[in-house]
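Here is what each chain is made of, one letter per residue.
Number of protein chains: 2
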Amino acid sequence: MKVVMLQTSPEFGEVDRNLDDIDRRLEGVQADLVVLPELCTTGYQFRDRAELGACAEAADGRTVERMCGRAAACGGHLVFGFAERAGGRVYNAAAVVGPDGPLGTYRKVHLFADEKRLFDPGDGGFPVFDLGGVPVGIMVCFDWIFPEAARSLALQGALVIAHPANLVLRYCQDAMVTRAIENRIFTVTVNRVGTEERVPGARLTFTGSSRLVAPDGAVLADAAPDGPALLYAEIDPRRAREKHVTTTNHVLTDRRPDQYRLGRFNPDGTDSEP
Amino acid sequence: MKVVMLQTSPEFGEVDRNLDDIDRRLEGVQADLVVLPELCTTGYQFRDRAELGACAEAADGRTVERMCGRAAACGGHLVFGFAERAGGRVYNAAAVVGPDGPLGTYRKVHLFADEKRLFDPGDGGFPVFDLGGVPVGIMVCFDWIFPEAARSLALQGALVIAHPANLVLRYCQDAMVTRAIENRIFTVTVNRVGTEERVPGARLTFTGSSRLVAPDGAVLADAAPDGPALLYAEIDPRRAREKHVTTTNHVLTDRRPDQYRLGRFNPDGTDSEP
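Here the protein sequences line up with chains U and L, keeping their order.
According to the working numbering, the first sequence is numbered sequentially starting from -16.
According to the working numbering, the second sequence is numbered sequentially starting from -16.
What the hints contain is simulated information worked out from the structure, not anything from laboratory work.
Among the hints, a few may not be true.
Stated by the list, open to error - Each pair of labels, with its calculated beta carbon distance range:
hint, chain 1, residue 1, chain 2, residue 2, range
1, L, Leu213, U, Arg153, 25 to 33 Å
2, L, Pro240, U, Lys(-15), 34 to 42 Å
3, U, Gly116, L, Pro240, 51 to 59 Å
Claimed, not checked - Straight line, CA to CA, 27 Å or less: simulated DSS-like cross-link-like pairs of lysine-lysine:
hint, chain 1, residue 1, chain 2, residue 2
4, U, Lys226, L, Lys(-15)
5, L, Lys(-15), L, Lys226
6, L, Lys226, U, Lys99
Stated by the list, open to error - From chain U, some residues computed to sit far from chain L (all C-beta separations above 10 Å):
hint, residue
7, Gly(-4)
8, Arg0
9, Arg7
10, Ala42
11, Glu48
12, Gly52
13, Arg53
14, Ala56
15, Ala69
16, Leu86
17, Gly115
18, Ala207
19, Ala216
The beta-carbon is built from N, C-alpha and C at its ideal position, and this holds for glycine as well.
For reference, chain U alone in the conformation it holds in the complex (with noise of 0.2 Å):
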């Protein structure tokens, strides 16, 4: 499997501009997937709602619509972050297309800093599609932090985690390791670069450094902190089909729910659930 990391930057709002921008680092080139970064379209630091509103799209949309074209020019899928609308809601979403179009979107769960009164919360949980043959899962960007996400990916039966982000902090990249290790699953962290100061004072600082993790914790590549970047790893995904760290220990069926206490905190302290 030929996987093609694509880091760029964005300009805030140009669409068509940062559309035309992925086409043109993308001619010519041939891959199973194609992993962009979160928001790759649009850039990220809205000022309110209703300017995101200004520029979201439903998963039929242009967007969607133009980056099927790419797929079929690269000949697989691809995984690239978008604003989408659905009804009367905006979700900072993620889009698996193809060939032959859309397979569908996953919606970010866990919303960031500002996110929060920007989006709606993904309640479609952490989905896993079938890209010619391959189980690929997807999560965006902070909800790395969240043992929960990739887990309950390589649960369902992901072997590839495809991660779209516009990291500002820079824990992340090394956390995929740890990510990659305790799922034996391949991570494909695609990040963005350049800065967005919309709102004064609040200068955003993206991180780049986009990683390929394999199930082993060997990082196959890594992309520089800053400047746009293209990379390619090929990959045997049945890798992460072997889940065994030792001969008697498999990282999955060695789980222990009964063992475990994770229902919601309460600030008192304690869990409320067993």
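With chain U fixed as given, assemble chain L onto it according to the hints.
Same frame as chain U, but now just chain L:
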């Protein structure tokens, strides 16, 4: 809270000598919490269950009694690994002892490699002990690879995780940074050093590198990969009450259990429970 980490190199089967060594190394040390390695009085590589049984002790046995004396001398609590006999069972346990006596044990839930044929798996979940007003959770060695272990402790209000270990792989030390960040908790991993080859051809080299990680991922103390070591760190456990990574993102209350799929894994690639 003054935390002391004692990285040791036990001699297999020499319980008295190992206890003497610990006593000598802790001579004059004052601390609120002292963490020692897994199985720090017996050594690790038991050939069979009979040999293990001969070294195992009750939770009110001589080893725990001696450690209580050391706790009194240190003026605080000790967490250390030992082989616990209870009825016909033997657990890979960690005891928590204070100046006034033993507080209880944690029995390792996730057994590693040959431990599966030697020890009985713990069935008491992941306990949190009140040590002088600070909730301290316990896990042992290989529990690190299951994010559910540290998460269960954090959700029960632990501010510090005492983590005795006998690590032979090299993944854990880095992964503890992720465990600390994702739970905004202090982690105190105390590993052993040295080698054992009591089973011919199955030489084990323990990787040392004990480390204490703060809730923001900062490594506050880091031991060498070889040689015994005594490390000190002064921590403020209240820092781990602050679970926000941004003003609006709390790593525990932002969790969305209804969106996760954390049931059992079926080898056919789907989980059986919602």
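Verification of the supplied hints:
1. L:Leu213 x U:Arg153: 25 to 33 Å: holds, 32 Å
2. L:Pro240 x U:Lys(-15): 34 to 42 Å: holds, 36 Å
3. U:Gly116 x L:Pro240: 51 to 59 Å: violated, 31 Å
4. U:Lys226 x L:Lys(-15): violated, 39 Å
5. L:Lys(-15) x L:Lys226: Holds, at about 22 Å.
6. L:Lys226 x U:Lys99: holds, 17 Å
7. Gly(-4): holds, 24 Å
8. Arg0: Answer for U:Arg0: holds, closest chain L Cβ roughly 30 Å.
9. Arg7: holds, 35 Å
10. Ala42: The assertion about U:Ala42 holds, with a minimum of 19 Å to chain L.
11. Glu48: holds, 29 Å
12. Gly52: holds, 32 Å
13. Arg53: holds, 29 Å
14. Ala56: holds, 31 Å
15. Ala69: holds, 17 Å
16. Leu86: holds, 18 Å
17. Gly115: U:Gly115 is indeed farther than 10 Å from all Cβ atoms of chain L, at 16 Å.
18. Ala207: Given that every Cβ of chain L is farther than 10 Å from that of U:Ala207, nearest at about 21 Å, it holds.
19. Ala216: Non-interface label on U:Ala216 holds, nearest chain L Cβ at 21 Å vs cutoff 10 Å.
The structure fails hints 3, 4 (numbered hints given earlier, in ascending order).
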